[in-house]
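**Q** All chains, please: the whole structure from these sequences, using the hints.
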Amino acid sequence: MAARPLSATKTSPPVVGPVKAPKVPRIVEEGLPHGVQALVVRHGGIPLVEFRVAFALPEGEIAKPAALTVLCHSLFAGTERRDRTGLAEALEGLGAHLGADVHEDYLVLSGSVLAANLAPFLSLVGEILTAPAYPEEEVRADAARAADEALIALSQPEVTARQALRRRMFKGHPYSTPIASPAALRRVNAGILGDLHGTLLGASAPVLALVGDMQPARATAWLQDALGRWLAHRKTAVPDLRTTPPLQPGPIELVAREGSIQSNLRLGGPAPSPTAPDWPAALLAESIAGGMFTSRITANLRERNGYTYTPHMFTSHFRAGSHLVAAADVASEVTAAALVETRYELGRIATTGVTPEELELARRHAVGRFAFQIATQSGLANTLVALAVKGTGTGYLHSHPKGLLAATKDDVDDAARRYLAPSQLVTVVVGDPRTVQGQLELVDEVVVRTS
Amino acid sequence: MERAELDNGLKVVVVPEPGATIVGVTVVYNVGFRSEPEGRTGFAHLFEHMMFQGSANVAKLEHARAVESAGGVFNGHTRADVTVYYEALPSAALELALYLEADRMAALALTEENLRNQVAVVKEEIRRNVLNRPYGGFPWIPLPAIAFRSYPNAHNGYGDFTDLEQATLADGRDFYARYYNPANAVLTVVGGCRTEDVVALAERYFGGIKRRRAPKQGPFPEPALKADRHQRAGSSLVPQPAFAIGYRTPDPIGNLDCFLAYFMLAELLASGEASRLRRRLLHQDKSSTDVAAYIGTFGDDAFMVRDPTLLQIVVHHPGRTTTEELLRAVDQEIGALAEKGPTEGELQRAVASFASTHWRHLAPVPSRSHIVGSVETVHGRADFLNELPGRLAQVTPNQVVSATEEILHQHRAVYELVPERAA
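Same order as they appear, the protein sequences are chains A and B. At position 117 of the first sequence (counting the first as 1) the number is 198 in my numbering, and the numbers step up by one without a gap. At position 196 of the second sequence (counting the first as 1) the number is 339 in my numbering, and the numbers step up by one without a gap.
Worth flagging that the hints you see were computed from the coordinates, not collected in a lab. Each hint should be verified, as a subset may be incorrect.
[Said to hold, decoys possible] Covered stretches of chain B (chain A as the covering partner; in silico rule of three or more C-beta atoms under 8 Å from a C-beta of chain A): (1) 421-427; (2) 498-512.
[Stated by the list, open to error] Quick partial rundown of chain A residues pointing at chain B, CB under 7 Å, derived from the structure: (3) Thr92; (4) Pro94; (5) Val100; (6) Ile127; (7) Leu129; (8) Thr166; (9) Ala169; (10) Glu170; (11) Glu173; (12) Gly176; (13) Ala222; (14) Asp229; (15) Ile342; (16) Thr389; (17) Asp410; (18) Leu442.
All figures in this text were calculated on a predicted structure; none of them were measured in a lab. Every residue, glycine too, gets a C-beta built ideally from N, C-alpha and C.
**A** Here you go:
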């Protein structure tokens, strides 16, 4: 069958049928000793199993992240039975990877292992959690290395921008805490880590998840064998966290980065939590404004004006509150122009709403994106843990796509008005004051901060 | 994996997965920044951007609108030897993806306005990822510039601003006519699809595109270095020094067995905390912040590059130790491996660790489709991906020793980046 060249005749794209909510695999909530629950999901495809254990952080740890940052290195510095190399060799021999990361308000150990080696992998995890060594000299070296890594992170302009935005949005709240300073990191020692391990990993309520190519009942039995003893004596209550403070929009904050040839533009404000009835509508409004390639901000800033490569918008859900961010890294010369266009697009959607065509596109895209997010073992494991840490039930995996499919134009217009109005957002710019301050002062009041 | 080839030379690779609800569609063109003309550095990547700017039946932004509206995602990337376009969508949108890819293969619509717009966007991309970012472009831009001498291998694939600004529509038409033709492309479909449907739809949408001769690609001959090369550059953005060492590898396609030994060598040197260089530099000497070793341009493309390419060792350190001392420590570790060879346990662990990373990289449908398409384009058979852990398990200690001895006797390139106070 030979068709004519497409260019010879005008054709239109094939029509795609209605979009459907994704299939969600069965999630088994297994009870472990001492009231701890594990989320266990059989999910084939590749011969691996993903493992997560997460701990909601108390306010004090969020506000002072140095010890936790070093703990993420030194947790693998050895156990009572093995040194660092021995531990790494044991994990690698199983085809396993294991690491620890601090998210804004929780700590998570993430691992993956060849499915055939799940049982010995879990017993190694048990060994790390119950009998960590925190050797003094290793901790000192890890602290120094974490300090070096912090120096590198702090040199990245997007890190400066994120910290500046959080300082403005979450003033007085632990979420405004910057990454640990090199000096604070160097002060961390083995004693501090031993204590932190005891109170956080040894006594608070963990969230556990296993997702992969396995039989849930057998995997749960292995989990009990490996972690049963460690799970004893748990406080099951999640630590309190103040809700985030109301936003005070105020002037543009210009964070000085001398000689910068680009400006990092960030606008931020509150967003609904995943369980709020208006969250699906707010996500759709955000998608249309700046969250998709087909969004208004991308069409304007990138595809019409060529101001930026990277316009985007996203919402982050923290335990104590959710927030949205509109971001673009733009050439210094057009910093104010890019801000004007961004505020214009946000103001336009807040005041005049969305079109039915935009809404249908965004709805289909958002449902599709969610399907991708939970399609892989690791994506599903990350999603389950993030939900559970915030106390959001797994029912969200079903209710969220339904909410996206049900949101009406009125819902989305309301959400746009409530969350996207530029007068209700904080504006932060990281850039070279000599080039951008004058431009920005043409648009709004500016305060300059030397970072 | 199943295969077909259309009369016009388009290769079709299908990896059906019964029951999957997502489908990944990739078109890989057998051209990358190695093939861009002199005076037009960065053109292959700029042209990738132009492929999203509209074609005969799909206006600017309509490609994005069609994919996102179907519940899908899309992107593209340019490497040394391949340019890759992909979308992942609900399975029901397979036909749409093939339509969109066929339309831009058949008849791209290049306009001056869109070209100027995308030159501006690409400049912002380079400012963001290279010029305004500490360690931006390190070491993938400066290291080949000293490890190689010939233009195709040594030049900056992101492009110089003057070259990008001088790019013309005529350049675009020439590049498109030469490289963007069905006989120079591989269409890959993975996930929720049936092979016979994919082949029939490929025939329907791509079958009418005229057959043209595939352009000659390479070889890109590059004589070995006649002496060590060492370059030191200052940057006011970086807080700490870093350096990268580049060693030539065997031909990844013509000498695959030896290349795999080099690949294992890189794994043994710096993959995981028990690896030779991480133990030595991070945990024993405590002299470095990070060390990595990999083959290819970016570390994720060892099996998507042709000859010549580099095995690279990249070290970030706080500057308490000189680069020379650190280079000596690296040499000692490589020397110890050459002398005594790796242990069987060390090789077995490296293979197990690689296998789990490998399956994990292949898990997301979008990645799987573009990795399969890229490997098929460069190696001629993507089945190789499934065999890779087994092939690596067959690498012997002696082969690793040979690889190690070879790099010890090579002249190498070292690029050093050091902090410098802003003027």
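**Q** Compare the structure with each hint and give your call.
**A** Hint-by-hint comparison with the structure:
1. 421-427: holds (count 3)
2. 498-512: holds (count 10)
3. Thr92: 5 Å, holds
4. Pro94: 5 Å, holds
5. Val100: OK, holds: Val100 (chain A) within 7 Å of chain B, min 5 Å.
6. Ile127: 4 Å, holds
7. Leu129: 6 Å, holds
8. Thr166: OK, holds: Thr166 (chain A) within 7 Å of chain B, min 5 Å.
9. Ala169: 4 Å, holds
10. Glu170: Status holds, d = 5 Å.
11. Glu173: 4 Å, holds
12. Gly176: 4 Å, holds
13. Ala222: 5 Å, holds
14. Asp229: 4 Å, holds
15. Ile342: Where the cut-off is 7 Å and the nearest Cβ of chain B is about 5 Å from Ile342 (chain A), the hint holds.
16. Thr389: With a closest approach of 5 Å, the Thr389 (chain A) hint holds.
17. Asp410: 5 Å, holds
18. Leu442: 4 Å, holds
Violated hints: none; the structure is consistent with every hint.
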